[in-house]
Amino acid sequence: MSGSDDANASDADPDHPADAPDAESARRPGEDTPNRGMAGARPEERPQPAGRRNSHGVRVDPEVEAAEAERTAAVSALVENEPGVLSRVSGLFSRRQFNIESLTVGPTTVDGHSRITLVVEETDSGIDQAKKQLKKLTPVIAVGELRDDAVRAELVLLKVRGEEPDKVHAITEMYEGQTLDAGPRTITAQITGDQGKIDDAIDAFRQFGIIEIARTGQTALERGDSPTTPGEEPGHSATGADETETETAAEKTGEYDD
Amino acid sequence: MSESTNPLADDEETDATDRGGTDARERETDATPEAGPDADDGEPERPDTWTPTTGAESVIAALEGADVTRAFGVQGGAIMPIYDALYHSSITHLTMAHEQGAAHAADAYGVVAGDPGVCLATSGPGATNLVTGIADASMDSDAMLALTGQVPSHMVGSDAFQETDTTGVTKPITKHNYFASDADTVGDTVGEAFALARTGRPGPTLVDLPKDVSLDDTDREPGPAEAPARSTPDPEADTAEVAAAARAIEAAERPLCLFGGGVIKGNATEEARAFAREHGIPVVTTMPGIGSFPEDDDLCLSWAGMHGTGYANMAITHTDCLIAVGTRFDDRLTGGVETFAPEAEVVHVDIDPAEISKNVHADYPVVGDAGTALEQVSAAMGESPDVESWRERCTGWRESFPMDYVVDPDEPVRPQFVVEAFDAATADDAVVTTGVGQHQMWAAQYWTFTQPRTFVSSHGLGTMGYGLPGAIGARVALDERDETDRPVVCFDGDGSFLMTIQELSVAVREHLDITVVVLNNEYIGMVRQWQDAFFEGRHMASEYDWMPEFDTMAEAFGARGFSIESYDEVSDVVEEALSYDGPSVVDARVDPQENVYPMVSSGGANGEFALTEDQL
Chain E
1 MSGSDDANAS DADPDHPADA PDAESARRPG EDTPNRGMAG ARPEERPQPA GRRNSHGVRV
61 DPEVEAAEAE RTAAVSALVE NEPGVLSRVS GLFSRRQFNI ESLTVGPTTV DGHSRITLVV
121 EETDSGIDQA KKQLKKLTPV IAVGELRDDA VRAELVLLKV RGEEPDKVHA ITEMYEGQTL
181 DAGPRTITAQ ITGDQGKIDD AIDAFRQFGI IEIARTGQTA LERGDSPTTP GEEPGHSATG
241 ADETETETAA EKTGEYDD
Chain D
1 MSESTNPLAD DEETDATDRG GTDARERETD ATPEAGPDAD DGEPERPDTW TPTTGAESVI
61 AALEGADVTR AFGVQGGAIM PIYDALYHSS ITHLTMAHEQ GAAHAADAYG VVAGDPGVCL
121 ATSGPGATNL VTGIADASMD SDAMLALTGQ VPSHMVGSDA FQETDTTGVT KPITKHNYFA
181 SDADTVGDTV GEAFALARTG RPGPTLVDLP KDVSLDDTDR EPGPAEAPAR STPDPEADTA
241 EVAAAARAIE AAERPLCLFG GGVIKGNATE EARAFAREHG IPVVTTMPGI GSFPEDDDLC
301 LSWAGMHGTG YANMAITHTD CLIAVGTRFD DRLTGGVETF APEAEVVHVD IDPAEISKNV
361 HADYPVVGDA GTALEQVSAA MGESPDVESW RERCTGWRES FPMDYVVDPD EPVRPQFVVE
421 AFDAATADDA VVTTGVGQHQ MWAAQYWTFT QPRTFVSSHG LGTMGYGLPG AIGARVALDE
481 RDETDRPVVC FDGDGSFLMT IQELSVAVRE HLDITVVVLN NEYIGMVRQW QDAFFEGRHM
541 ASEYDWMPEF DTMAEAFGAR GFSIESYDEV SDVVEEALSY DGPSVVDARV DPQENVYPMV
601 SSGGANGEFA LTEDQL
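Protein chains in written order, with full-length UniProt numbering: chain E, 1 to 258; chain D, 1 to 616.
Be a bit skeptical, because a hint or two may be false.
Each computed DSS-like pair below joins lysine-lysine, with the alpha-carbon atoms no more than 25 Å apart [stated by the list, open to error]:
no., chain 1, residue 1, chain 2, residue 2
1, E, K136, D, K171
2, E, K197, E, K159
3, E, K167, E, K197
4, E, K167, D, K171
5, E, K159, D, K171
6, E, K135, D, K171
Selected chain E positions facing chain D (Cβ under 8 Å, derived; list incomplete) [unchecked claim]:
no., residue
7, P34
8, R52
9, N54
10, S90
11, T123
12, G126
13, K132
14, K136
Everything labelled a hint here was simulated from the structure, so no lab data went into it.
Note that beta-carbon positions come from the ideal geometry of N, C-alpha and C, so glycine has one too.
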């Protein structure tokens, strides 16, 4: 940028690069140059384009702009089971303000690998961004978003008042649940199933007075032959012919294991 | 951190030395003053081929194996075994005055050298003092490896003396971090961390090194430094993506290249320049992209964004096809995204798929290495777009919105004049570092950059105090490459300089040839400017009229001190300061009321940049 000619004068003597202005050569580069700031057309005098983007940076017709709707998505992440991986994932979601409904984690049949299932409520671009940011975490092996027809389930434990054991039992049966603990004062039942079924069951148990509740959050797998995360190999049991492979995996992750 | 005076630490020291076994004790005996580095002039006694015997030696072996030649750091209890292993290493260690300085110096070293910088600190406060520098490197995608000491494994979690959950603290500001758990594998871990830092989109990594892991015996030599395969992206872009982008550019009427820091980090400067010139497409850069395209080229409109040139912001507002390479569309570039390049189809070339459509929707994503992908796009283009009239429009804006300022010998010296004076007196390959604030903007605006890796600044994090340690890192990188003739000029503000001024002692000790130019307006000037514009001129906590005399203070440090109070002193001081072979500080008393323009208000439209305060 050599807009100011005095300092970058083409005939500048390299030994005296910045010839000082004498009193007569007080420099006001243009007639209009203000003492503070610069000359040029004011903002309202400049041509301005008519186009607009929405808050996600997508070009839109300003007349018909509609807010992008949020949706619920289940995202599965296959991760190396090293210390801190869960906090990396949860930290990422909180830092980037992704709305997270539930997170479940558990080992797979491959030693040293775990699966994390996240249910997020976000716009399409938010879900896309969440998946890409997850994929960037070094211990994350693969990330996939579950299709609508994926197999999904969660588990809830309900502790209710024990005054009407027969009716509690009947409701538990109705939701194909199990009674895990029954005493004179409380009954604890377990229900598994998709989110809608769990929500319905909880509603049905309200009549007895719910004392405590614990839900696991959703976990899910793709149906049939489709892998749950892209490129995911069919899991190996830790016995028999696959032993060599599982040892390798354990050795690999062991490098950073505590 | 001088923690070894603490009785608790002394206990731990003894404990640790015992665990170190005979090797450690033997080395300690060797390290008598006669045999020390002063006596043998720093020549390593160790043979060229050697085998590490402890975790700490394995760490150093891994660094040497990765061709690391330089480290910046500060000693301390938990990192002592690593420093001890450096004693005979070929790696030259530069002791900094403060860990933050070590991180910034390593960062700047990496920017200038093109190889990751390495910094070291002890546990606890040493590690937390690195945090600002790590966050800075993270925001600017700078490759850097931080090694931190940690309390012995069995004490981790017990709130031991100088214990901090360093991996926890640095998780969100590192590309990845590691907690070393085993002397046998710690070398491989350090090698992986180093390689990962520079692989794909660069970034800082950290390895936390518990003292027992460093002291434990091992007979395993670390393997070559390699990043995990999953973290190593394919440099080539998808051909369908490339073809779609090529069609869009061919059809454009008002195409504009936007070159970001990724062009420089990806060593794609040549490809980027060739692309723009071959197709005659005007160029704007981001601030980290400064130097990717020569600013004295007719095609170049300099940098866009909050304090970018009026012509760059006009061009970016009116383009119909923005070819963005290696940029993450930071809010200081875009202003409000609603009005950012609102009529442009966006071609976005980036190595990191997560940057695609993060802030600004990419109509044509091209995921790949900047240089490779640009060559692919160029090869896929049948013809260049017809842009003659668009180029003329861009040139017209350059004339309509000149970067002018008033020079009046009866008024205080304008800071822009000082920047231009130093630019005129130095060659094109000079390296400029800056702190953060008004002075940084003036340096970026009024210095004409023509080469990559010559503008070293804190962009994303905006860390005041970056300039001086940055200049130290830059100087060391140049000197190592026998580029001792290239000047290093640090532009700093009075507030910014005071934040890391202790590093001047390092520049003096190492006799580093740097010139610090303090554009001293006795304000946190950018805050003062905003207070005038948005807070009715209430100068709350922004007046710094209690500043020391920087020239006098420089002399006290052992550096040369100069001052500028009027225009007629500028040229002599510039000459003397630059010709002094060692650190010099120029206290330039500049016009305290000068403001940075143009200015796009926060979240505003780039095309509505203000040229004076009343336009904000």
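We went through each hint and held it up to the structure:
For a cut-off of 25 Å, the pair hint linking E/K136 to D/K171 stands: about 13 Å separates their Cα positions. For a cut-off of 25 Å, the pair hint linking E/K197 to E/K159 stands: about 17 Å separates their Cα positions. This hinted pair checks out: E/K167 and E/K197 have alpha carbons roughly 18 Å apart, not beyond 25 Å. For the proposed pair E/K167 and D/K171, the alpha carbon gap of about 51 Å is over 25 Å, so the pair is violated.
For the hint pairing E/K159 with D/K171, the CA-to-CA distance comes to about 38 Å; that exceeds 25 Å, so the pair is violated. At most 25 Å may separate the alpha-carbon atoms for a hinted pair to count; E/K135 and D/K171 meet this at roughly 16 Å. The interface hint given for E/P34 is met, as the beta carbon of that residue sits about 5 Å from the closest beta carbon of chain D, less than 8 Å. Annotation: E/R52 was flagged as interfacial toward chain D, and the flag holds, the nearest CB pair being 5 Å apart, inside 8 Å.
Annotation: interface hint on E/N54 holds; nearest CB of chain D at approximately 7 Å, less than 8 Å. Here the hint on E/S90 is broken, as its CB sits about 10 Å from the closest CB of chain D, past 8 Å. Given the 8 Å rule on beta carbons, the hint for E/T123 is violated: about 12 Å separates it from the nearest Cβ of chain D. At a threshold of 8 Å, the smallest CB-CB gap from E/G126 to chain D is about 10 Å, leaving the interface hint violated.
At its closest, the beta carbon of E/K132 sits 4 Å from a beta carbon of chain D; the interface hint therefore holds under the 8 Å criterion. Because the smallest distance between the Cβ of E/K136 and any Cβ of chain D comes to about 6 Å, under 8 Å, the interface hint for this residue holds.
Checked against the numbered hints listed earlier, the structure breaks hints 4, 5, 10, 11, 12; every other hint is satisfied.
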